[in-house]
Amino acid sequence: MTAVALRDPAARSRCWGVLTALVVLWPLFQAAEVKPGAIFDAANLKVIGHFLGGFLPPERSPEFLALLARATLETLAIATAGLALAFVLAVPLAYAASAAGRERPSLSPFSRGLLVLLRGIPELVWALLFVRIFGLGPTAGVLALGLTYGGMLGKVYGEILESLPAAPLRALRLAGASRPLALLYGALPLAAKELGSYTVYRWECAIRASVVMGFVGAGGLGQLMDQAMKMLNGGEAASILATFAVLALVADALSAWLRRSLDRPPAARAWALGGRSLGLLLALPLAIAASFRLLEIELSGLLTVEAAQSVGQFAADFLHPDLDPEWLRRVARGAGETLAISVVGTLLAAVAGLLLALPQAHRMPAVLARSRPGRWRGRLPLLLPSILPNLLRSVPELVWATLTALAVGLGPFAGALALALHTAGVLGRLYAEALANTPPSAAQALRLAGAGGPLPFLYGTLPEALPQLVAYTLYRWEMNIRMAAVLGFVGAGGLGQLLYVELSLFHHAQASTVIVAMLLLSLAVDLGSARLRRWLG
Amino acid sequence: MSFLSLRRTALKGAWSCAWSSPLSRAFSCVLSTTLATGLSLSAASASAADILRVSAIPDEAPTELQRKFAPLGKYLEAETGMKVQFTPVSDYASVVESLATRKLDLAWLGGFTYVQAKLRTQGTAIPIVQREEDARFTSKFITADPAIKSLGDLKGKTFAFGAPSSTSGSLMPRFFLQQAGLNPEKDFRNVAFSGAHDATVAFVAAGKADAGVLNASVWDKLVEAKKVDPDKVRVFATTPTYFDYNWTVRGDLDPALVKKLTEAFLKLDPKNPEHAEIMALQRAGKFIPTRKENYDGIEKAAHAAGLLK
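In order, the protein sequence lines correspond to chains A and B.
Numbered according to my numbering, the first sequence spans residues 403 to 939.
Numbered according to my numbering, the second sequence spans residues 1151 to 1459.
Chain B extracted, bound-state conformation (with noise of 0.2 Å):
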């Protein structure tokens, strides 16, 4: 056994120690302590306490998610005193997943996901903060096709969600779809899911599809840089407005930490020169407190939608 996993070994028993029953507890804890404790003279290393890990709903590409979250990683280890680790991923569930099998501690989740997180969780997962923005965001549809000028002439055409179990991609674009009398099953001659946001972007603009829905957030992105041709691409329509993003925290994380966590969020500013460049990346005015029956409304149209059963 390597030094690197033997390091893991016992790591993943120190942090165990918190969670598993009494009787093996016990056991786990002076076989890991020993082990700890012996590599710790060898190496001056954090334990597993002292890494947060975090991840986010792969709604952009991974890398670009990545880079957004860098500076934040490091506001939060100075802020928690912890180390944090982000793992990027490239599929929606598996966060979800992650958070209900206690493998990750924050993540960035959508309104439907922070949902869907929530009835794995037997309601344990707790919202934090959200952007100023989140209270009140709405999706775009798209088209590069100059015979579509409203909802209804969507009938017929090749559309493109984003992920399935996207807020702004899939769920309530199809919310306010149903209640313009659209059934996207029936009523669209092909319905892909393109996976993130700026994949839907991309299908629109090659053609694969007709029209498509995104995040108004990463549409008006797009636009600054300049990765999309506002003159070929077109918004047609954009929904009402619903709550959206949050960071989570699973339902056992210390609550000191927790509050260390929300006081962090709460606290950047984007007049501080400090902070300017984490709040532009995440495209944030301001972050601000926010609590579960914020997304009861989300719940009420996924099921009206079908998503939920």
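The shape of chain A in the complex, shown without the other chains (with noise of 0.2 Å):
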């Protein structure tokens, strides 16, 4: 009895699927040219010191910093107006995408098909494709940012409404409700929380999306950004990056104190809406209409009979990519980089995410009793061990390519670890979010039943957290592909830096295979991380 209770049961099991792990992951490991020494390398060291060096004292010239605040409002409207469009567009498309209170799970190849395509293509060349139409200027980056966040959001929302407890749904549906009554009544309660925090989120991640824009002159903080890394102008860099770590700041802070909201219970009175959530519906349109003012949008440019022909002309150029053998095989051997790098990226920021979220979900539940008002001077030490994974999702992969370039050279580990730096803080948070949400139960049961030290985690909150973790850390893969095949353009390697030169050269039928190339991986990623996840959970 004693034997078979001090026996790990699930040893053997975790030892087989770590070892798999390996074997699968080893090819990957060498494609992606891992090699943790360049890191120490005394001159790579010499010079990222240098250029950190730089950083101080940040740029504070009148001319600066007034380009700057025009920048960042820039930047900001751009993501504002790029997120209301994605919303309009997401809506629809996971209505029709989510298997949600349909009698039986319908896969709707169109919608679903709509969606892959909207988020496959990286913003970058919906961007580049629609400086065609609009010629330079901040309409391309909105409308690039509005098509695939839309797919991003659309595909969320759907899957948020697939994880809800079915019973309400079905109960609704069963007395008779039509679809849409019963989701906005059975589902979008419940959904709530999780579908106004995720939109929030996306919205932090359109402002950081901007800084891809910049590569083809949408403007905002980006093009100021890809300007002072390339010249290594370390002063630049350090305000910039100022302004992009208080942005994120204060996006984060909005989200939070949007779900402690939701969070309240109703208040008693006869009318629905309080005075937050009235200030909050006029300031939502004002803010959208205020973003599309000052970006001087004008829509109507999409229904000339020129821009449409021109887009035809893009169209047709497209559809005959280039299948050369030798094209094909640069091709694939870009392919296999741009995969080795999103997988090595997201696994090393799994590993430090997990790092990351253990101390803040231990105080996570402490912070949120204490989230009265007037109290940050207690919750300011609780709040610390967010502030890590807070500045690594601030700075955009590209400019943490940029310093990992410096750091262990141009090539794909540079691009792997840029990833791994910013995913890190993204799953730090998300992680941390799940494990205070995981029930303390199992756990608690564990610790009164005698077990210590970190059993009661391993064997309580981690197996009932798991799911959820890597389904975020999946999801995070799914992006990261697109963001590896981005990263090509600072030198990285990979899909993306063969499209930057192909496109350059309006070489569009090699520009269009590549194109091809990415949205495949990007459906493979998406069909394995699928997979992956009904094996897992």
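Take every hint as true, because none was put in to throw you off.
Straight-line C-alpha distance at most 16 Å; calculated EDC-like pairs for lysine to aspartate or glutamate: (1) B:Lys1459 to A:Asp719; (2) A:Lys595 to A:Asp654; (3) B:Lys1336 to A:Glu728; (4) B:Lys1459 to A:Asp724; (5) B:Lys1459 to A:Glu728; (6) B:Lys1307 to B:Asp1295; (7) A:Lys595 to A:Glu564; (8) B:Lys1459 to A:Asp726; (9) B:Lys1371 to B:Glu1283.
The hints are simulated quantities; they were obtained by calculation from the structure and are not laboratory data.
Since each chain comes alone in its own frame, lean on the hints to assemble the complex.
Here is the structure:
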């Protein structure tokens, strides 16, 4: 009896799992040129030290600050307008694609395919297409964000609805409610918190995505950042990074405030809307209108004959991908590199994210419990562990890539590290939330039964939170495969560099092959991730 | 609709009169003239035909381009009587595309971007002038690695070009590397595109790339301005000469305006104190007329290097 109790029942399967993973992942680590030694190479340390040394003092000249202020506003406006567009796109698509509230799960291939297409093509490629129609300016950036994020929001909205307990929906449907009504009353109230929090989180991401837009002249902080990082101008980079971090923290605080508001019990009054909800209802359209106005977006430009012609021309060029075997080999090699960058980056991030999440997860309930106003001083030390993940993810991957390229030299490893640093911040936060939301009963039961040390966590909390953690990780991997493609623009190799060069040269046939490869790769990753999730869950 | 956006619509209408089909022209002209007349009563401002839209390939930091262009812009305003509007961009291809879609009137292009613009406008884009030194331009190969002494030593190293469609930072160096028997994709460990000439120097100085190549004129400027330490980063090879940069107008610009612009450039004289600043910023001794045929060599090199298909 004691012998059985002392043996870890899961040890064997876990060991095999780790071994299999290592065998599968080894070639990918090879392809990503992982060489941890390079991080500690003396020459590299000197270079990066010199660049980071240039961060102090941050650039504060009045002209630069004026430029920075204008760019910050533009970034906010691009993100807000883009997300508004994405929301408008995502709601009907999520409704059509989600299996929630259906009699039997339908695959709805059309809306699901559209969602994959929208998400599969990186916003940068969309931006390049729209630059052809609107000319230079933020319009291209807003539309590109709108489409890509529309795809992402649509998918996640659909999945959130599917993950809800099915009973209320089924009860409503059986009582005769139509699907929209059943979703409205049986799913939305349960999912509102998660949907709202995810939308605000996407808005933060949209701010970071404007960095990518900077590449095609869509303005905003991204364009400034691109210049400063390319010129290795530490002072300017520091000022811009500080602005980014503040933006991310503000957005984070806003999202936390919104979620707390959603958690409150309904107020005792006849009318559903209180001051806060009313203020939000007013502020939201105002912010969206102000954004469109600041960016001087003329959507009518989309509807001209000339625009239609140039879209047609562009699309026609792209319908003939170059299938020359020599070129296909190069694209395949690029795709392999991109895949390796995304896998290695996500894995490193998952490990680092878990380490970041553990100290937060313990304190999270305490933080939430003390979330009454006027208690900031008491909460500050509790919030400290969440500052590192926030800093990590407030720095966009492209900026991390510039730093890691200095640290380990140009190449795929720099890309993987950049992905890992940013994603660790994201996962650190998501993991912490998931762990904090895990019912404590299992771990408590183990502790009461005498299990000590890490055991209650490993056998009580972790197994319960694992499906959620794995889902988050796999979802980030799906995003990282797209980001890995774009990282090529700053010298991390892979498909991104091929696309950047071919598009610069107007080689649309070759660029088309690369985009098809990107799509296939992201599709394969989506499928693989779904299968893994099912297998592990 | 605000006053500003109304005016913009009106101006756009007036401008599109010149290009749209006869049928829609009649309609949109009537509409926009009504709007424009109404508005010009309240604001004595320029109409669309009076704005010259200019841009340049971002071969240096956009802020630097704007600084360089400011006095030239004022001079062109005085010479043509038009308002000159300079739009900085961060992507080479978008300048070519904007010229082809008539969103720009005048652009500072590199030799290769001119060839791209020519091909995308069915040969209608017209190069008007170039600097005297653009007729015999060179690129400099630079490194901070003492072990690199010739092009042959680049094998197995990380190498930085400028933008992929840069003439002096990508096409011609690649062409000459090829003639020296080197294939960047096969022989270099990693190929990076810094995006701009000054960024290439930053890449090499920081050790991000072992070696790089850039435009000779920008290199000289950076050395003169002490933005680079010549003891640390040195030139180890220089290309033979070729034709590079020019000022190009879109093919359907009013010929009288093209003539005025060409003459304005040719009149610039560094000995004239009023012109001295413009010429110094443009790093030009003199502007000379140029023609399409000057760039046939670049087109051939682009085909040979695989940059044109």
